[in-house]
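K.L.:
Sequence:
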Amino acid sequence: MKRTKGWIGLDIAKFICVALMIFIHSVFWIVTTQDEIMSTQNNIYPIIINLVFLGLFPMSIPAVAGASLRIHFSKYWKNNKIKGYPFKHILKVSSFIIILGFIMNFLAFGIEDLFSWDALQFIGISFITITLLLKFFSISSVFFAGALTLFTAEIVRNSLSDYNSNYLAAIFIGNSSGFFFWPFFPWFSTITFGFLAAHYYIKYKDNIASRIIFIITGLLLLGISFLRKELLPVIDSSNVWGATIFQPKVGFILAIMGSFSLLIVFSNLLSEKIHPKKYGIINSYSKGILWIYILHIIIGFNLSLLFKALFSPLVAIILLLLVLFLISWGIGIFTLKFVYGRKLVFFLRKVKRW
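Start counting the sequence shown at 0; every next residue gets the next number (numbering that gives the first Met the number 0).
Please keep in mind that the hints were generated in silico from the structure rather than gathered at the bench.
Fair warning: this is a prediction, and the values are worked out from it, not measured in the lab.
We put the CB at the ideal spot given by N, CA and C, even for glycine.
A hint or two may mislead.
Said to hold, decoys possible - Per label pair, the in silico range of CB-to-CB distance:
| # | residue 1 | residue 2 | range |
| --- | --- | --- | --- |
| 1 | Y162 | R227 | 33 to 43 Å |
| 2 | N41 | S137 | 43 to 53 Å |
| 3 | F136 | D235 | 31 to 41 Å |
| 4 | T243 | Y166 | 35 to 45 Å |
| 5 | I98 | Q33 | 20 to 30 Å |
| 6 | K272 | G83 | 35 to 45 Å |
| 7 | F86 | T151 | 44 to 54 Å |
Unchecked claim - Each computed DSSO-like pair below joins lysine-lysine, with the alpha-carbon atoms no more than 27 Å apart:
| # | residue 1 | residue 2 |
| --- | --- | --- |
| 8 | K204 | K272 |
| 9 | K91 | K336 |
| 10 | K204 | K277 |
| 11 | K80 | K272 |
| 12 | K202 | K228 |
| 13 | K134 | K80 |
| 14 | K74 | K91 |
| 15 | K77 | K204 |
| 16 | K91 | K80 |
| 17 | K202 | K134 |
| 18 | K336 | K272 |
| 19 | K80 | K204 |
| 20 | K82 | K134 |
| 21 | K202 | K77 |
| 22 | K336 | K74 |
| 23 | K336 | K277 |
| 24 | K276 | K336 |
| 25 | K87 | K74 |
| 26 | K134 | K87 |
| 27 | K82 | K204 |
| 28 | K74 | K248 |
| 29 | K77 | K87 |
| 30 | K77 | K134 |
| 31 | K202 | K74 |
| 32 | K134 | K74 |
| 33 | K74 | K204 |
| 34 | K82 | K202 |
| 35 | K77 | K91 |
| 36 | K276 | K204 |
| 37 | K91 | K134 |
| 38 | K204 | K134 |
| 39 | K202 | K272 |
Construct the complete structure from the given sequences, taking the supplied hints into account.
P.N.:
What follows is the structure, given as structure tokens:
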């Protein structure tokens, strides 16, 4: 069986983040009503509170996206910026991702949630922003833009509070309506952090010195977050996907960055011990991350409604997890065979000729 190539450590990090995302979504879909209200009297609630730290890793998926974007730019990278990169390409890719996000909203949650602003829309806009910065400025501009969105988020949010019901304003600052997640301020900083992490990995490779730097960075950021008492996500049982998660304090974003730094080191170390197979679960989850994200939400949310009606919460969670883990693996394999393998592209070209 063929083995995967490339940055295996990042593939492992993607796998961990995706697997934990599926786990957390499955649990929350089962124990909440209307996908947002959680009963504190539920027997599973204490378990959720004790495992809340796991949420740091799925929340690192924007950092993973940023790292992937930096790798994508590799052959166009000169003098700390991109040269000769066709801007229309990232515009097409980002538009495609954003449109997929709206389609996912409709298929998973119905017409009333069609225009909800979620992860895919946020990542698409962020990709365009980073590309523009790198076409006109250097990588330093990406760092400063990320830092700006992180440390001015509360100021911007307060300044625009009178307009937070406006769709465009809510994209930047979010609101508690349940339709706007991953606002640009402060979440853009997580994408830029992943981008910069990949940049220094490419520049200095995976050696002892770089690992020490990543470990020190991770521990320092987690330490600051801990001292600020903002290390873990705060779950509001009346609105689990609300402001406490998506309009967080600075410390929580730093905790996500710190966790991602340590995850990269752990994943790189693990890549020396294991060798993911081409269609194994690690490579499948990594390469199929976009389609797994979309389809696990569409399938998982609707399945959760059925399982909640048929089974006890614990049984429903276990069954939903098993189904989604297996389906996600299948989605990843399909992606590797027909998207990465170009078979789908050839098929669509034939259809176009017909």
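K.L.:
A separate judgement is required for each hint: does it hold in the structure or not?
P.N.:
Here is what the structure says about each hint:
1. Between Y162 and R227 the C-beta distance comes to about 28 Å, which lies outside the given range of 33 to 43 Å.
2. Between N41 and S137 the C-beta distance comes to about 51 Å, which sits within the given range of 43 to 53 Å.
3. The hinted window of 31 to 41 Å between F136 and D235 holds, with their beta carbons roughly 39 Å apart.
4. Between T243 and Y166 the C-beta distance comes to about 22 Å, which lies outside the given range of 35 to 45 Å.
5. Judged by the Cβ atoms, the range 20 to 30 Å given for I98 and Q33 holds: they are separated by roughly 26 Å.
6. The hint said 35 to 45 Å for the Cβ distance between K272 and G83, and at roughly 39 Å that hint holds.
7. Restraint check, F86 to T151: a C-beta distance of roughly 27 Å breaks the suggested window 44 to 54 Å.
8. With a C-alpha separation of about 18 Å, the suggested pairing of K204 with K272 holds against the 27 Å cut-off.
9. About 23 Å separates the Cα atoms of K91 and K336, which keeps this hinted pair within 27 Å; it holds.
10. Distance check on the hinted pair: K204 and K277 sit about 23 Å apart at the alpha-carbon level, within 27 Å; holds.
11. A hinted pair counts as satisfied when its Cα atoms are at most 27 Å apart, and K80 with K272 does not qualify at roughly 34 Å.
12. Of the supplied pair hints, the one linking K202 and K228 is violated, its CA atoms being roughly 34 Å apart against a limit of 27 Å.
13. For the hint linking K134 to K80, the alpha-carbon distance of about 7 Å falls within 27 Å, and the restraint holds.
14. Pair hint K74 plus K91 holds up; C-alpha atoms about 19 Å apart against a cutoff of 27 Å.
15. As the CA atoms of K77 and K204 are separated by approximately 17 Å, the hinted pair is consistent with the 27 Å bound.
16. Taking the CA atoms of K91 and K80, the gap is about 20 Å. The hint holds against a cut of 27 Å.
17. A distance of roughly 19 Å separates the Cα atoms of K202 and K134; the hinted pair therefore holds under the 27 Å criterion.
18. Using a Cα cut-off of 27 Å, the hinted pair K336 and K272 holds, with the two alpha carbons roughly 26 Å apart.
19. At roughly 19 Å between alpha-carbon atoms, K80 and K204 fall within 27 Å of each other, so this suggested pair holds.
20. A hinted pair counts as satisfied when its Cα atoms are at most 27 Å apart, and K82 with K134 qualifies at roughly 7 Å.
21. In summary, the hint linking K202 to K77 is supported, as the alpha carbons are separated by about 12 Å, within the 27 Å threshold.
22. At roughly 25 Å between alpha-carbon atoms, K336 and K74 fall within 27 Å of each other, so this suggested pair holds.
23. About 10 Å separates the Cα atoms of K336 and K277, which keeps this hinted pair within 27 Å; it holds.
24. With a C-alpha separation of about 13 Å, the suggested pair K276 and K336 falls inside the 27 Å cut-off, and the hint holds.
25. With a C-alpha separation of about 17 Å, the suggested pair K87 and K74 falls inside the 27 Å cut-off, and the hint holds.
26. Restraint check for K134 and K87: the C-alpha separation of about 12 Å stays at or below 27 Å, so the hint holds.
27. The hinted pair formed by K82 and K204 meets the criterion: a straight-line CA distance of about 22 Å does not exceed 27 Å.
28. Between K74 and K248, the direct Cα distance comes to roughly 37 Å. Violation of the 27 Å bound is thereby established for this hinted pair.
29. Proposed proximity of K77 and K87 is supported: the alpha carbons are some 19 Å apart, at most 27 Å.
30. Simply put, K77 and K134 have alpha-carbon atoms about 11 Å apart, close enough for the 27 Å limit, and the pair holds.
31. At most 27 Å may separate the alpha-carbon atoms for a hinted pair to count; K202 and K74 meet this at roughly 13 Å.
32. For the given pair, K134 sits about 14 Å from K74 by alpha-carbon distance, which is consistent with the 27 Å threshold.
33. Restraint check for K74 and K204: satisfied, since their Cα atoms lie roughly 16 Å apart, inside the 27 Å limit.
34. With a CA separation close to 17 Å, the supplied pair K82 and K202 stays within the 27 Å bound.
35. Of the pairs offered as hints, the one joining K77 and K91 holds, with about 23 Å between alpha carbons and a cut-off of 27 Å not exceeded.
36. Proposed proximity of K276 and K204 is supported: the alpha carbons are some 23 Å apart, at most 27 Å.
37. With a C-alpha separation of about 17 Å, the suggested pairing of K91 with K134 holds against the 27 Å cut-off.
38. Of the supplied pair hints, the one linking K204 and K134 holds, its CA atoms being roughly 25 Å apart against a limit of 27 Å.
39. Under the criterion of a C-alpha separation no larger than 27 Å, the hint pairing K202 with K272 is consistent with the structure, at around 23 Å.
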